[in-house]
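**Q** Chains as they are written, first to last, in the working numbering: chain A, 1 to 279; chain B, 1001 to 1257; chain C, 2001 to 2342.
No lab work stands behind these hints, which were simulated from the structure alone.
Be aware that one or more of the hints could be misleading.
Calculated from the model, a selection of chain C residues having no Cβ within reach of chain A, i.e. all distances over 10 Å [unchecked claim]: (1) P2029; (2) T2044; (3) P2089; (4) A2305; (5) S2326.
The list that follows gives simulated cross-link-like pairs (lysine-lysine, BS3-like), each with its CA atoms no further than 30 Å apart [to be verified]: (6) C:K2336 / C:K2298; (7) C:K2259 / C:K2289; (8) C:K2178 / C:K2131; (9) C:K2259 / C:K2336; (10) C:K2131 / C:K2104; (11) C:K2168 / C:K2182; (12) B:K1126 / A:K40; (13) C:K2182 / A:K181; (14) C:K2104 / C:K2064; (15) C:K2289 / C:K2336; (16) A:K181 / C:K2064; (17) C:K2298 / C:K2168; (18) C:K2289 / C:K2341; (19) C:K2168 / C:K2064; (20) C:K2131 / C:K2064; (21) C:K2259 / A:K181; (22) A:K173 / C:K2298; (23) C:K2168 / C:K2104; (24) C:K2168 / C:K2178; (25) A:K173 / C:K2178; (26) C:K2108 / C:K2131; (27) C:K2104 / C:K2178; (28) C:K2064 / C:K2178; (29) A:K181 / C:K2336; (30) C:K2298 / C:K2259; (31) A:K181 / C:K2131; (32) C:K2178 / A:K181.
No residue lacks a Cβ here, since even glycine has one placed at the ideal position from N, Cα and C.
If you want the building blocks of each chain, they are given just below.
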Amino acid sequence: MRAEPFSAVRWASVTPALLWTLVFFAVPFAAMGVASLFPKGEAGPSLSDYAQFFANPSYWRSLTNSLEVTAVVTVISILLAYPFAWILAFVVPERWQRLALMLAVLPFWTSYVVRSYSWLLVLSEGGAFNSALLHLHLLSEPIEIANTRAATIIGFVHFFVMLLTLTIYANLKQLSPNYRKAAADLGAGPVQAFIHVILPLTLPGIMVGAFLTFVLAIGDYITPQILGGNNELLMPQLIMMQIGRRGDFASASALSIILMVVVSIAYLACARWLKIERA
Amino acid sequence: MARTLSVLYAAAIYGFIFLPVAVLVLFSFQGTLFPIPPFNGPSLRWYSAVLGDARLTSGLLNSVMVAIVSSTIATLLGFLSAWGFARFHLPASALLRGFITLPLTVSYLIIGMGLLIFFNRIGIPKSLIAAGIGHVVINLPLCFAIIYSQMGDHQANIERAARDLGAREWQVLTLVTAPMLWPALFASFFLAMTFSWDEFVIAFLLTRFDATLPVEIWNLLRAGLNPKTNAVGSLVFGVSVVLAIIFELVAFRKRPL
Amino acid sequence: MTALVTVEDLSHRFGQAQVLDAVSLTIEPGSYTVLLGPSGSGKTTLLSILGGFLQPTTGCVFIKGEDCTTMPPARRPTATVFQDYALFPHMSVGSNVAFGLRMKGTPKAVRLARAQEMLRTVGLEHAFDRKPHQLSGGQRQRVALARALVVEPAVLLLDEPLGALDLKLRRQMQDELKAIQKRVGTAFVHVTHDQEEAMALADHVVVMNHGRIEDQGSPERVYGRPATRFTATFMGESTIVPAHVEQSGQVRTPFGVFKTQDATRGTEVCVAIRPEHVQLGPGIAATVKDVCYQGSFKRVVASPAAAPDIDLLAQLPADAPVTVGSAVSLQLDSEKLVILKA
């Protein structure tokens, strides 16, 4: 049995955190929900800001843009990060691993805004990338990467390769080394051991990483705004535009709630899938 | 063969990861007006420009202040609630714990938007305090999750022993529980610090005259490519790396493994 | 009959540490060999080298007459039961057991039938479709055994296979292991630090310490006539006392002269005395220092009047009237005394 101090102490310990979350998270969220029902310039409550989203092709397009970019980023990041994490976990000698891993995530520590900006330096017309290729005569004239979807994707992949390397590395290391030994002992080659044993065992971890990538990428404003520019808008850019340029809080709220719903659907899909995998 | 491939692949990924940072730092020492090739330098003129820029230096101080205060509150609330949920039978415990961690699954943009509308409605002006409140919202679930995961049942026994020896509840918390959980407390405080320090969108939406450093850097960015941005970015990077190394040394060296 | 496994002059270092030092060993077909030693004795390293998971710094391993020293685990005729079992958690019990055959390309119907058959051998035919986490510790142990045996290895290597089980289950699994080994006829090499487990299972015990083989032979021989001080105290308890060989077959100890087996006259030796070879009777006057009631006997520590520094261990009848401080008279079963190098 647990030793139970009198009940005031129990509630005193958890109430501040609960209250904070209620007042500064749940209530504002509800306020946003209410605000979305009172469109700018209309007298009564209406769903016209939601209707607008489905009726206006440019709004709808920003959601599909976001989904496309996020999907591409998630897939590329996993494909790049998995072999890298594998090398860190199993090829790099044990005593160098900590250092190798720290180095691999060092640019995490630049400020988020600065990280996107530094890719702009690399990718802009007169930037390092174009200069180098021109210098090597691999290009005859500079190519425009900054202010395109490609730049947004590169900026995102850079961040998520680091994040996924961390999570996949942790995943690989927590597997008992005996799984690999047992597979080898029973005649599996490295490829077979990977396909039949290691990959299935790390799949739940990969799914968590993929979900994290999806949630963080689809809600991010900075990377598409700095690197992708305004040629094509992603959801967060559209939302910020509603406030910044138009002062339309109702529309921004409606769009935020739609974005929220999309993330929740992704969460439900992932959660269900993960559960099945674990059984 | 496989080894050579591994080395090449790892080198390529390291190159990709470090490319923008290297370019950033290199051109922070640019002597001319644009942070693009060819490199003219090294020169420290942009660093002195940063240090002479009152907006950037006050942004830096504002960021440090918001980070420290919001992380302290987040860690404190996270610790108390984690302790409460781990040690006592509370009704609807799983539901309430889920509620506390809920903000983790919501984009910063949406949290900021909600607070903006809410503060507008009840008449709280945009300020550093408003941004700090937002930072506690995003960091509290993180602190709670980290500390809650470190609360084992064996520690409950140690607390019971302290109570048995006559310690009052607040003494148990301050003399036994908190020191026992020091690595988790430190980790959550430090993570909250870095997240707050780095956070842009909430601070952007909720501050007006006094802004945090990321917002000031953003304002600087609107002027286009500028070595001054490189200089301030490199400074932030340098400070963060030093903090990361301290974190590594303090938080992980003490524990076995 | 030629040996199944021959290990010649095997040494291994981890950095500065010499974990195996010139170990030589042979293993006969169908035998049950137990590598016994305290932690850090090198027994697990030796097993890893036999399994192909480690390459020795120097020395050779021959299995079935073939040099396997550098052969990878998959290609050698060994299979390992890991200490944590390493059952693949995402596969059913049946798929786990069939895994080795699947890697060999055995047709599905055949390998599933063989897996089922092997599960029957270990008494788990009903568990085919379960997942490892639905089984108890002892059942997982048997699945690991089946998974290793189904590939028909010439040698089965078991790394502390009973270490994760509680005492009662351990004793029960010992009997089963022995029975399964007799049924399949495969040579087993089993690593443990539990001397009771070693004596219960082994045809051949190999006692290891500090990377060397201290002693090896049948459990009866190793227990009854230990070759070294370490063996005499690690395989059961012994009192070790210094002695002088006065003439062949007679030694002088601090508390008396005893007849023993042959030893070179005039040399200094040690005598190892098992507690069960000390009885109440005329001979050594001693004072009882400690009594520990063990149910079927009393474990007594006595100091002989002639040599009060020596703690003489004795296993006396449970109803023997001894208490701490009382004076007793003890006698030795001198034929069972073991002469060791000083």
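**Q** Hint by hint, note whether the structure agrees.
**A** How the hints compare with the structure:
1. P2029: Holds, since 21 Å exceeds 10 Å.
2. T2044: Check passes; 12 Å lies beyond 10 Å.
3. P2089: violated (7 Å)
4. A2305: The claim holds: C:A2305 sits with its nearest Cβ about 55 Å from chain A, beyond 10 Å.
5. S2326: At roughly 47 Å from the nearest Cβ of chain A, C:S2326 sits farther out than 10 Å, so the non-interface label holds.
6. C:K2336 / C:K2298: holds (20 Å)
7. C:K2259 / C:K2289: holds (27 Å)
8. C:K2178 / C:K2131: The given pair, whose Cα atoms are some 26 Å apart, holds under the 30 Å limit.
9. C:K2259 / C:K2336: Measuring from Cα to Cα gives roughly 10 Å; hence the hint holds.
10. C:K2131 / C:K2104: This hinted pair holds, its Cα atoms lying about 23 Å apart.
11. C:K2168 / C:K2182: holds (22 Å)
12. B:K1126 / A:K40: Satisfied, since the Cα-Cα distance of roughly 21 Å is no more than 30 Å.
13. C:K2182 / A:K181: holds (27 Å)
14. C:K2104 / C:K2064: holds (21 Å)
15. C:K2289 / C:K2336: Holds: C:K2289 and C:K2336 sit about 24 Å apart, inside 30 Å.
16. A:K181 / C:K2064: holds (22 Å)
17. C:K2298 / C:K2168: Given pair C:K2298, C:K2168 holds - Cα atoms ~23 Å apart, limit 30 Å.
18. C:K2289 / C:K2341: With a Cα-Cα distance of about 28 Å, the restraint between C:K2289 and C:K2341 holds, given a limit of 30 Å.
19. C:K2168 / C:K2064: violated (37 Å)
20. C:K2131 / C:K2064: violated (36 Å)
21. C:K2259 / A:K181: Violated: C:K2259 and A:K181 sit about 54 Å apart, past 30 Å.
22. A:K173 / C:K2298: violated (50 Å)
23. C:K2168 / C:K2104: violated (38 Å)
24. C:K2168 / C:K2178: Between C:K2168 and C:K2178 the Cα gap is close to 16 Å, so the pair holds against 30 Å.
25. A:K173 / C:K2178: violated (35 Å)
26. C:K2108 / C:K2131: holds (19 Å)
27. C:K2104 / C:K2178: The hint holds at about 28 Å.
28. C:K2064 / C:K2178: Given that 30 Å is the threshold and the Cα spacing comes to 23 Å, the pair holds.
29. A:K181 / C:K2336: violated (46 Å)
30. C:K2298 / C:K2259: holds (26 Å)
31. A:K181 / C:K2131: With a Cα-Cα distance of about 20 Å, the restraint between A:K181 and C:K2131 holds, given a limit of 30 Å.
32. C:K2178 / A:K181: Given that 30 Å is the threshold and the Cα spacing comes to 25 Å, the pair holds.
In this structure, the hints that do not hold are numbers 3, 19, 20, 21, 22, 23, 25, 29, in rising order.
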